[in-house]
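Undergrad: Chain by chain, the residues:
2 protein chains.
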Amino acid sequence: MEDLKLIGVWYSTFVCRVKCALQLKGVKYEYIEDDLSNKSDLLLQYNPIHKKVPVLLHGGKPIVESLIILEYIDETWPERYPILPKDPYERSKAKFWTKFMGDQESTFWSLIKTTEETKEKKINEILEILKTIEEHGLGDKKFFSGDDMGFVDLAFGTFMRWLKVAEVIKEVKVFETCTRLQAWFERFNEVPVVKENLPSQDELVAHYKLKFCIG
Amino acid sequence: MEDLKLIGVWYSTFVCRVKCALQLKGVKYEYIEDDLSNKSDLLLQYNPIHKKVPVLLHGGKPIVESLIILEYIDETWPERYPILPKDPYERSKAKFWTKFMGDQESTFWSLIKTTEETKEKKINEILEILKTIEEHGLGDKKFFSGDDMGFVDLAFGTFMRWLKVAEVIKEVKVFETCTRLQAWFERFNEVPVVKENLPSQDELVAHYKLKFCIG
Numbered sequence: 001m002e003d004l005k006l007i008g009v010w011y012s013t014f015v016c017r018v019k020c021a022l023q024l025k026g027v028k029y030e031y032i033e034d035d036l037s038n039k040s041d042l043l044l045q046y047n048p049i050h051k052k053v054p055v056l057l058h059g060g061k062p063i064v065e066s067l068i069i070l071e072y073i074d075e076t077w078p079e080r081y082p083i084l085p086k087d088p089y090e091r092s093k094a095k096f097w098t099k100f101m102g103d104q105e106s107t108f109w110s111l112i113k114t115t116e117e118t119k120e121k122k123i124n125e126i127l128e129i130l131k132t133i134e135e136h137g138l139g140d141k142k143f144f145s146g147d148d149m150g151f152v153d154l155a156f157g158t159f160m161r162w163l164k165v166a167e168v169i170k171e172v173k174v175f176e177t178c179t180r181l182q183a184w185f186e187r188f189n190e191v192p193v194v195k196e197n198l199p200s201q202d203e204l205v206a207h208y209k210l211k212f213c214i215g
Numbered sequence: 001m002e003d004l005k006l007i008g009v010w011y012s013t014f015v016c017r018v019k020c021a022l023q024l025k026g027v028k029y030e031y032i033e034d035d036l037s038n039k040s041d042l043l044l045q046y047n048p049i050h051k052k053v054p055v056l057l058h059g060g061k062p063i064v065e066s067l068i069i070l071e072y073i074d075e076t077w078p079e080r081y082p083i084l085p086k087d088p089y090e091r092s093k094a095k096f097w098t099k100f101m102g103d104q105e106s107t108f109w110s111l112i113k114t115t116e117e118t119k120e121k122k123i124n125e126i127l128e129i130l131k132t133i134e135e136h137g138l139g140d141k142k143f144f145s146g147d148d149m150g151f152v153d154l155a156f157g158t159f160m161r162w163l164k165v166a167e168v169i170k171e172v173k174v175f176e177t178c179t180r181l182q183a184w185f186e187r188f189n190e191v192p193v194v195k196e197n198l199p200s201q202d203e204l205v206a207h208y209k210l211k212f213c214i215g
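Protein sequence lines, in the order shown, are assigned to chains W and E.
Residue 1 is where the first sequence starts when you use our numbering, and the numbers rise one by one after that.
Residue 1 is where the second sequence starts when you use our numbering, and the numbers rise one by one after that.
Hint data in this document are derived by calculation from the structure and do not stem from the laboratory.
Model, not experiment: these values are computed from the prediction.
Treat each hint with caution, since some may be false.
As the list makes no split between identical chains, a pair holds if one copy fits it or if it spans any two.
[Claimed, not checked] Heads up, simulated BS3-like pairs for lysine-lysine below, C-alpha to C-alpha not over 27 Å straight-line:
{"no.": "1", "residue 1": "LYS99", "residue 2": "LYS52"}
{"no.": "2", "residue 1": "LYS141", "residue 2": "LYS61"}
{"no.": "3", "residue 1": "LYS61", "residue 2": "LYS131"}
{"no.": "4", "residue 1": "LYS121", "residue 2": "LYS52"}
{"no.": "5", "residue 1": "LYS99", "residue 2": "LYS5"}
{"no.": "6", "residue 1": "LYS142", "residue 2": "LYS61"}
{"no.": "7", "residue 1": "LYS141", "residue 2": "LYS51"}
{"no.": "8", "residue 1": "LYS51", "residue 2": "LYS131"}
{"no.": "9", "residue 1": "LYS119", "residue 2": "LYS170"}
{"no.": "10", "residue 1": "LYS51", "residue 2": "LYS121"}
{"no.": "11", "residue 1": "LYS142", "residue 2": "LYS99"}
{"no.": "12", "residue 1": "LYS131", "residue 2": "LYS195"}
{"no.": "13", "residue 1": "LYS131", "residue 2": "LYS39"}
{"no.": "14", "residue 1": "LYS5", "residue 2": "LYS39"}
{"no.": "15", "residue 1": "LYS170", "residue 2": "LYS195"}
From just these sequences and the hints, can you work out the full model?
TA: Here it is as structure tokens:
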């Protein structure tokens, strides 16, 4: 077995992306659950700048930031299940969309903290982002990268899981008008590695309700 | 000659990164100066999401976002002057630092708009970021990537050029205590492709003074 460890927390969709990628590559690793309310020395030692999960430790060397970890995994084990396309132009498009989604992270995240007064504005803001992703990024494809789940799907699927959780908790409907994105999200959730590595919506709802003292 | 066009504006350090990378690779291209106050149809057609420069057009296909363009250039012309390291771990570190710097973009940018009241707070905020980059990213190396200018240098050097301009305009001293970063920046400015592709500090100061109606 490789000297490969993943430091994470079970409810982080950023961590789940990495778990999915490692399983797609068929790479065995040791998973170490951290406690973000009392961070381990291991986490502080290996991610001294951000002190966040996920951290992938490979032969004692730390790789941080979930999308950078995904690229690292793809470059280190290139033989099995390509996560990013090989073609430079297709790669650039995949990176564009993950950057675009990543740049909206705080907007997505803010939904769970929105009040009655700001709710509608927030929903419209997120909907506009989703429509752009649906129209320009996904189009009529099965997955963002074509017929198989790839880099953008892993990045965005985990975001969407989180967004669905926020929808349930805040009792709002954000993406029901994005029919193509919804159909894609259903396909994403049916992929075996996604089923095996992402916590269920109910588990996440319970976790975030507790965290934000809702309900 | 390749069917390669770069849409930019002369004062954008994001565009200058791309110019440097293309010259490092020895690739000939046609440069098209845009006018951001009256954006061209070409720009709107090829970057419909952000409507920003730089846009690299290769065989009619658009690549956007300056760091994604840099990676595209490195992957498309891999033979000459590697911009990113080949080793996956070293690559992950380079991407970590460019992401870290990119995430601070709005903080850097805000210096030029700061008021007398917020000036000190802003300077301390930026200084803390610079100290982190200096200590954990640069260390005692000649360039971020070692002996030769690479991905992180191109990304951060162009930021620093901009920060120096903001220093001059706002009559503040932000990074004089970062002696290793200063020495690195002097080395960066002496690299021939940097000299040839970045506007001078004076030209940029004049441009931004006019833009922000200062002085």
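Undergrad: Checking LYS99 and LYS52: alpha-carbon separation at most 27 Å within a copy, between copies, both or neither?
TA: both (19 Å within a copy, 15 Å between copies)
Undergrad: Within, between, both or neither: how does the pair LYS121, LYS52 come out at a Cα-Cα threshold of 27 Å?
TA: between (30 Å within a copy, 25 Å between copies)
Undergrad: At 27 Å max between alpha carbons, let me know whether LYS61 reaches LYS131 within a copy, between copies, both or neither.
TA: Between copies only: 23 Å across, 39 Å inside.
Undergrad: Regarding LYS170 and LYS195, is the shortest C-alpha distance of 27 Å or less found within a copy, between copies, in both, or in neither?
TA: Result: close within a single copy only, 24 Å intra versus 54 Å inter.
Undergrad: Please work out whether the CA atoms of LYS5 and LYS39 approach to 27 Å or closer within one copy, between two copies, in both situations, or in neither?
TA: Result: close within a single copy only, 16 Å intra versus 49 Å inter.
Undergrad: Between copies, within a copy, both or neither: which fits LYS131 and LYS195 at Cα up to 27 Å?
TA: within (26 Å within a copy, 43 Å between copies)
Undergrad: Is the C-alpha distance from LYS51 to LYS131 at most 27 Å within one copy, between copies, in both cases, or in neither?
TA: between (33 Å within a copy, 17 Å between copies)
Undergrad: At most 27 Å between C-alpha atoms: does LYS141 with LYS61 qualify within a copy, between copies, both, or neither?
TA: Close across copies (19 Å), not inside one copy (37 Å); limit 27 Å.
Undergrad: What label fits LYS99 with LYS5 when the C-alpha limit is 27 Å: within, between, both, or neither?
TA: both (26 Å within a copy, 23 Å between copies)
Undergrad: For LYS142 and LYS61, with the copy left unspecified, which applies at a CA distance of at most 27 Å: within, between, both, or neither?
TA: Answer is between: at 22 Å across copies they meet the 27 Å cutoff, but 36 Å inside does not.
Undergrad: When no copy is specified for LYS141 and LYS51, does a C-alpha distance of 27 Å or less occur within a copy, between copies, both, or neither?
TA: between (37 Å within a copy, 24 Å between copies)
Undergrad: If the cutoff is 27 Å on CA atoms, where do LYS51 and LYS121 land: within, between, both or neither? Let me know, please.
TA: between (32 Å within a copy, 24 Å between copies)
Of the numbered hints listed earlier, not one is contradicted by the structure.
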